[in-house]
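Peer 1: Here is what each chain is made of, one letter per residue.
Protein chains: 2
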Amino acid sequence: MAVRVTPVRLAALLVTMSCARALALQRNHILGRATRGFSESKRVYYRTLYFDQQIDHFGFLENGLFKQRYLLSDQHWRQNGPILFYTGNEGDITWFCNNTGFTWDVAEEMGAMLVFAEHRYYGESLPFGEESYSNAKYLNYLTSEQALADFAVLIKSLKASVTGAQNSPVIAVGGSYGGMLAAWLRMKYPSVVTGALAASAPIWQFTDMVPCGDFYKIVTQDFAKSGINCSKSIRRSWMAISNVSSTGEGLQWLSEEFGLCAPLKPQDVDDFRAWLQETWVNLAMVDYPYEANFLQHLPRWPVKVVCTHLQFDSGVTDRQLLHGVSQAVKVYYNYTGSAVCLNMSETATGSLGTRGWYYQACTEMVMPMCTDGIQDMFEPQSWSLQAFSDECYGLFGVRPREHWASMAYGGKKINSHSNIIFSNGDLDPWKSGGVTKSLSDSLVAIVIPDGAHHLDLRYSNEHDPQSVIQARALELQHIKQWIKQEQV
Amino acid sequence: MAVRVTPVRLAALLVTMSCARALALQRNHILGRATRGFSESKRVYYRTLYFDQQIDHFGFLENGLFKQRYLLSDQHWRQNGPILFYTGNEGDITWFCNNTGFTWDVAEEMGAMLVFAEHRYYGESLPFGEESYSNAKYLNYLTSEQALADFAVLIKSLKASVTGAQNSPVIAVGGSYGGMLAAWLRMKYPSVVTGALAASAPIWQFTDMVPCGDFYKIVTQDFAKSGINCSKSIRRSWMAISNVSSTGEGLQWLSEEFGLCAPLKPQDVDDFRAWLQETWVNLAMVDYPYEANFLQHLPRWPVKVVCTHLQFDSGVTDRQLLHGVSQAVKVYYNYTGSAVCLNMSETATGSLGTRGWYYQACTEMVMPMCTDGIQDMFEPQSWSLQAFSDECYGLFGVRPREHWASMAYGGKKINSHSNIIFSNGDLDPWKSGGVTKSLSDSLVAIVIPDGAHHLDLRYSNEHDPQSVIQARALELQHIKQWIKQEQV
Numbered sequence: 001m002a003v004r005v006t007p008v009r010l011a012a013l014l015v016t017m018s019c020a021r022a023l024a025l026q027r028n029h030i031l032g033r034a035t036r037g038f039s040e041s042k043r044v045y046y047r048t049l050y051f052d053q054q055i056d057h058f059g060f061l062e063n064g065l066f067k068q069r070y071l072l073s074d075q076h077w078r079q080n081g082p083i084l085f086y087t088g089n090e091g092d093i094t095w096f097c098n099n100t101g102f103t104w105d106v107a108e109e110m111g112a113m114l115v116f117a118e119h120r121y122y123g124e125s126l127p128f129g130e131e132s133y134s135n136a137k138y139l140n141y142l143t144s145e146q147a148l149a150d151f152a153v154l155i156k157s158l159k160a161s162v163t164g165a166q167n168s169p170v171i172a173v174g175g176s177y178g179g180m181l182a183a184w185l186r187m188k189y190p191s192v193v194t195g196a197l198a199a200s201a202p203i204w205q206f207t208d209m210v211p212c213g214d215f216y217k218i219v220t221q222d223f224a225k226s227g228i229n230c231s232k233s234i235r236r237s238w239m240a241i242s243n244v245s246s247t248g249e250g251l252q253w254l255s256e257e258f259g260l261c262a263p264l265k266p267q268d269v270d271d272f273r274a275w276l277q278e279t280w281v282n283l284a285m286v287d288y289p290y291e292a293n294f295l296q297h298l299p300r301w302p303v304k305v306v307c308t309h310l311q312f313d314s315g316v317t318d319r320q321l322l323h324g325v326s327q328a329v330k331v332y333y334n335y336t337g338s339a340v341c342l343n344m345s346e347t348a349t350g351s352l353g354t355r356g357w358y359y360q361a362c363t364e365m366v367m368p369m370c371t372d373g374i375q376d377m378f379e380p381q382s383w384s385l386q387a388f389s390d391e392c393y394g395l396f397g398v399r400p401r402e403h404w405a406s407m408a409y410g411g412k413k414i415n416s417h418s419n420i421i422f423s424n425g426d427l428d429p430w431k432s433g434g435v436t437k438s439l440s441d442s443l444v445a446i447v448i449p450d451g452a453h454h455l456d457l458r459y460s461n462e463h464d465p466q467s468v469i470q471a472r473a474l475e476l477q478h479i480k481q482w483i484k485q486e487q488v
Numbered sequence: 001m002a003v004r005v006t007p008v009r010l011a012a013l014l015v016t017m018s019c020a021r022a023l024a025l026q027r028n029h030i031l032g033r034a035t036r037g038f039s040e041s042k043r044v045y046y047r048t049l050y051f052d053q054q055i056d057h058f059g060f061l062e063n064g065l066f067k068q069r070y071l072l073s074d075q076h077w078r079q080n081g082p083i084l085f086y087t088g089n090e091g092d093i094t095w096f097c098n099n100t101g102f103t104w105d106v107a108e109e110m111g112a113m114l115v116f117a118e119h120r121y122y123g124e125s126l127p128f129g130e131e132s133y134s135n136a137k138y139l140n141y142l143t144s145e146q147a148l149a150d151f152a153v154l155i156k157s158l159k160a161s162v163t164g165a166q167n168s169p170v171i172a173v174g175g176s177y178g179g180m181l182a183a184w185l186r187m188k189y190p191s192v193v194t195g196a197l198a199a200s201a202p203i204w205q206f207t208d209m210v211p212c213g214d215f216y217k218i219v220t221q222d223f224a225k226s227g228i229n230c231s232k233s234i235r236r237s238w239m240a241i242s243n244v245s246s247t248g249e250g251l252q253w254l255s256e257e258f259g260l261c262a263p264l265k266p267q268d269v270d271d272f273r274a275w276l277q278e279t280w281v282n283l284a285m286v287d288y289p290y291e292a293n294f295l296q297h298l299p300r301w302p303v304k305v306v307c308t309h310l311q312f313d314s315g316v317t318d319r320q321l322l323h324g325v326s327q328a329v330k331v332y333y334n335y336t337g338s339a340v341c342l343n344m345s346e347t348a349t350g351s352l353g354t355r356g357w358y359y360q361a362c363t364e365m366v367m368p369m370c371t372d373g374i375q376d377m378f379e380p381q382s383w384s385l386q387a388f389s390d391e392c393y394g395l396f397g398v399r400p401r402e403h404w405a406s407m408a409y410g411g412k413k414i415n416s417h418s419n420i421i422f423s424n425g426d427l428d429p430w431k432s433g434g435v436t437k438s439l440s441d442s443l444v445a446i447v448i449p450d451g452a453h454h455l456d457l458r459y460s461n462e463h464d465p466q467s468v469i470q471a472r473a474l475e476l477q478h479i480k481q482w483i484k485q486e487q488v
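Protein sequences appear in the order of chains A and B. Last residue of the first sequence: 488 in full-length UniProt numbering, with the numbers rising by one and none dropped. Last residue of the second sequence: 488 in full-length UniProt numbering, with the numbers rising by one and none dropped.
No lab work stands behind these hints: they were computed from the structure. Treat each hint with caution, since some may be false.
[As the list claims (entries may be wrong)] In silico lysine-lysine, PhoX-like type, Cα no more than 20 Å apart, as pairs:
hint, chain 1, residue 1, chain 2, residue 2
1, A, LYS412, A, LYS437
2, B, LYS304, B, LYS217
3, B, LYS225, B, LYS304
4, A, LYS137, B, LYS137
5, A, LYS265, A, LYS304
6, B, LYS159, A, LYS412
7, B, LYS156, A, LYS413
8, B, LYS413, A, LYS156
9, B, LYS484, B, LYS159
10, A, LYS217, A, LYS304
11, A, LYS232, A, LYS304
12, B, LYS159, B, LYS67
13, A, LYS217, A, LYS232
14, B, LYS156, B, LYS232
15, B, LYS137, B, LYS67
16, B, LYS304, B, LYS232
17, A, LYS412, B, LYS156
18, B, LYS412, A, LYS156
19, A, LYS413, A, LYS437
20, A, LYS156, A, LYS67
21, B, LYS437, B, LYS413
22, B, LYS217, B, LYS232
23, B, LYS304, B, LYS330
24, A, LYS484, B, LYS413
25, B, LYS437, B, LYS412
26, A, LYS413, B, LYS159
27, B, LYS412, A, LYS159
28, A, LYS137, A, LYS225
29, A, LYS232, A, LYS330
30, A, LYS159, B, LYS413
31, A, LYS137, A, LYS67
32, A, LYS484, A, LYS159
33, B, LYS484, A, LYS413
[Said to hold, decoys possible] Chain B is nowhere near these chain A residues, computed Cβ spacing over 10 Å in every case:
hint, residue
34, ILE228
35, TRP238
36, GLU291
37, THR308
38, GLN470
39, LEU474
Even glycine gets a Cβ: it sits at the ideal position worked out from N, Cα and C.
With the hints as constraints, model all of the structure from the sequences given.
Peer 2: Listed below in structure tokens is the structure:
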């Protein structure tokens, strides 16, 4: 099922896709290896296991099972010691496993077992095998509630079956959508998990909970502070694209300037803008303080590097400006110089992960986004639920329920829960929907001034800023305290 | 869909049906009236309203709506005052409304709005109208999770739409299965309800949580202490039934002695026993200290009255004993003397409420029951999940998931929750699965020594024992405290 890029999708879907897109892009990377810093790498050891999971936890007519994949590492685990349980998000679990170095870094000290559970409909955990995405009926079991039930059932089963795990406290850990799931797992199944570390988890990125423009404002701020005229240049670029793309020659020039694999046709210009917009978003998300290959192989502080190509003042011509944009974009897509051409459509169309997240965005995970071109560097685009809903119906035969997630997970009134850390990076656009102020002694917000998207979950690195080192120490302190309380 | 009474069902289904059966039996009563004590009655005023509710909260393919009925009384409500929200159980909501006098008694003092929400698939709240029970596909949305979501969505909508209700604290109130739902609503949707009064709510009556024989032990104890030889006589009666029913003449005698509407055939004897067993259970449940017409029109302390007919010593003949049993049974079925005959099949086959609860028992609400004939007064019957499952499959095309309810609702590990009162009566068989010891300052157990099934939820009565008066006062105190905390 191919997903068509439309202007509506620009504001509506594309950006909420960024997490998923990250995964899709990441598929090419070597799995089974984790990168520590950039130059170092270490092999992580885990067993790949499969659990027979109910396809439908909330109805009894569909009684089928599917194989949920999970990865288990017990090399440092001491009996009765804690289990750090990664609540997998919208993609291949091995990739998450390799990008959640924090858990690997602390496993020995904590005597912890690590479990990484794959989210249904992603990676290998396909309820209806290759047919899982083939129709609306099969897709019907792709919800966060079902995924949480999977996690809870798996944890309960592990504790019952693994010798010495019966009394092991379980801490849910997750980042991004996985962080939302970690928090929600604690909220909905507190008998199963003692606490949760929800990193960069935008649990409030829903209708009427945060202003729809905040996300793009943060993206813009990142660029604004990373180089003179950087965000201004990007803001100007949209008009420049309109001007240049208005002629056939201009389109050809654009295609060549950007080194696109397929030359732009007039009807592709909206997709081209969407692709650029998403590129800027992704850059903000992965603006890490060291060379890394999370979404792409990138230099340290990539936004700063990108911005060196975008320091134009108002006298710049359209083509000069777009040349700078193309140089900037290539920092993201071709830092290593190995790309023959830039494949815009590959980024814009869905991988398995993207398709799944599209479906989730079209059902429960309705995250309104908007831009005004003033407080952000993008073209003004209001949020239209109706347009979004119609597109969803066309794609999947379902319509979003915009208030459901807020209903199901408590909206902003979550203060009766306990033992959740919400960590957010100031550089991360998803901070817009995050919990950034502590709500109680045990609902703790940690803000990492120099952090992009769940930097704290990554392996420690010699270039880590002090703020993330402190954040991790504080996280560990809370987690140890919960475990201690549990074991009393 | 007729439900066949089989020996398996005896141990498996019948007793877990008692709540539902109560409702089915109660359908004949005058609705729209509430009985205060016995001789007094007062009319209660409410509006009957309907809310467009999602048929499936947990999947997006089925996007249909149905009309959920709810009753609303705001005659005593002050703006911003609390809402007491009755979480309807397996039956017609008007009947629950009229049998939850506690809320009517306290409404004025609290300035409270009362809302009684009907549980989907019962009363008028039928997701697929008259067809709702016609097939497994339509029945698929009959689960406690869906019902809780209905309640949560309705509350959120009421608070948004009723002027002055936006900041109203909501307290969930329920008895029996409705009490389970009240507790679970607080556990799963704490953003929606500030606290819950869960009266006679057997939230632990699930596999591996309490001994399967406890329920019938309590029934037996009630009879044992209500009259000399009472439980012993009932224990002996099963053999006497076998003996007498072994001949055609004996069957005829039995039929006449009990005044059955349809004469017993040899194949009906198991049903006859099941019917008697359930009668004893129901009597224990409604052993109230005053004349009342809850399940049937009954004298005060009905078990004591029943036991006056069962004071036999060991020299009694089978027919003498069974004559006593028939007199005892008629206390239950014909106290007013208006019954022409006893309709055994009417009790044993399902009304709408019974069918629905059967389905719920066959899916999530798997409550193992067993008897040993030693610690209880019944014939020994072990619990067989396999037999139960096979029967469920035959009836509804579904199989029970015995561990799901425990998984979904935390099993015995619910101490991280807050603001729930669990009240249980010592006379109530369902106390077997209740929370009878406080788990924290805000997870409070109240035991009512002289209480049968949710006596505390009934109207106050001049014959109320001190224990229930105290219980209600304590309940009110906790509820007021929660409200005060919420309003700070």
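Peer 1: Now tell me if each hint is right for this structure.
Peer 2: Here's how the hints hold up against the structure:
1. LYS412(A) / LYS437(A): holds (12 Å)
2. LYS304(B) / LYS217(B): Distance of about 17 Å is within 20 Å: holds.
3. LYS225(B) / LYS304(B): Answer holds: LYS225(B) to LYS304(B) is near 9 Å, not above 20 Å.
4. LYS137(A) / LYS137(B): Given that 20 Å is the threshold and the Cα spacing comes to 13 Å, the pair holds.
5. LYS265(A) / LYS304(A): With a Cα-Cα distance of about 32 Å, the restraint between LYS265(A) and LYS304(A) is violated, given a limit of 20 Å.
6. LYS159(B) / LYS412(A): holds (16 Å)
7. LYS156(B) / LYS413(A): Given that 20 Å is the threshold and the Cα spacing comes to 12 Å, the pair holds.
8. LYS413(B) / LYS156(A): Measuring from Cα to Cα gives roughly 12 Å; hence the hint holds.
9. LYS484(B) / LYS159(B): Between LYS484(B) and LYS159(B) the Cα gap is close to 18 Å, so the pair holds against 20 Å.
10. LYS217(A) / LYS304(A): OK: LYS217(A) and LYS304(A) at ~17 Å, within 20 Å.
11. LYS232(A) / LYS304(A): Holds, because 14 Å separates the two Cα atoms, which is no more than 20 Å.
12. LYS159(B) / LYS67(B): holds (19 Å)
13. LYS217(A) / LYS232(A): holds (13 Å)
14. LYS156(B) / LYS232(B): violated (53 Å)
15. LYS137(B) / LYS67(B): Satisfied, since the Cα-Cα distance of roughly 19 Å is no more than 20 Å.
16. LYS304(B) / LYS232(B): Holds, at roughly 14 Å.
17. LYS412(A) / LYS156(B): holds (13 Å)
18. LYS412(B) / LYS156(A): Holds. LYS412(B) to LYS156(A) sits at ~13 Å (cutoff 20 Å).
19. LYS413(A) / LYS437(A): holds (13 Å)
20. LYS156(A) / LYS67(A): Holds, at roughly 16 Å.
21. LYS437(B) / LYS413(B): holds (13 Å)
22. LYS217(B) / LYS232(B): holds (13 Å)
23. LYS304(B) / LYS330(B): With Cα atoms ~14 Å apart, LYS304(B) and LYS330(B) stay inside 20 Å; holds.
24. LYS484(A) / LYS413(B): holds (17 Å)
25. LYS437(B) / LYS412(B): holds (12 Å)
26. LYS413(A) / LYS159(B): holds (14 Å)
27. LYS412(B) / LYS159(A): holds (16 Å)
28. LYS137(A) / LYS225(A): violated (47 Å)
29. LYS232(A) / LYS330(A): holds (19 Å)
30. LYS159(A) / LYS413(B): Judged against 20 Å, a Cα distance of about 14 Å means the pair holds.
31. LYS137(A) / LYS67(A): Roughly 19 Å between the alpha carbons, so the hint for LYS137(A) and LYS67(A) holds.
32. LYS484(A) / LYS159(A): Within the cut-off at roughly 18 Å; holds.
33. LYS484(B) / LYS413(A): The given pair, whose Cα atoms are some 17 Å apart, holds under the 20 Å limit.
34. ILE228: holds (46 Å)
35. TRP238: holds (34 Å)
36. GLU291: At about 42 Å from chain B, GLU291(A) clears the 10 Å cut-off, so the statement holds.
37. THR308: THR308(A) clear of chain B: closest Cβ-Cβ about 46 Å, beyond 10 Å.
38. GLN470: holds (28 Å)
39. LEU474: holds (22 Å)
In terms of the numbered hints stated before, the structure departs from hints 5, 14 and 28, listed from lowest to highest.
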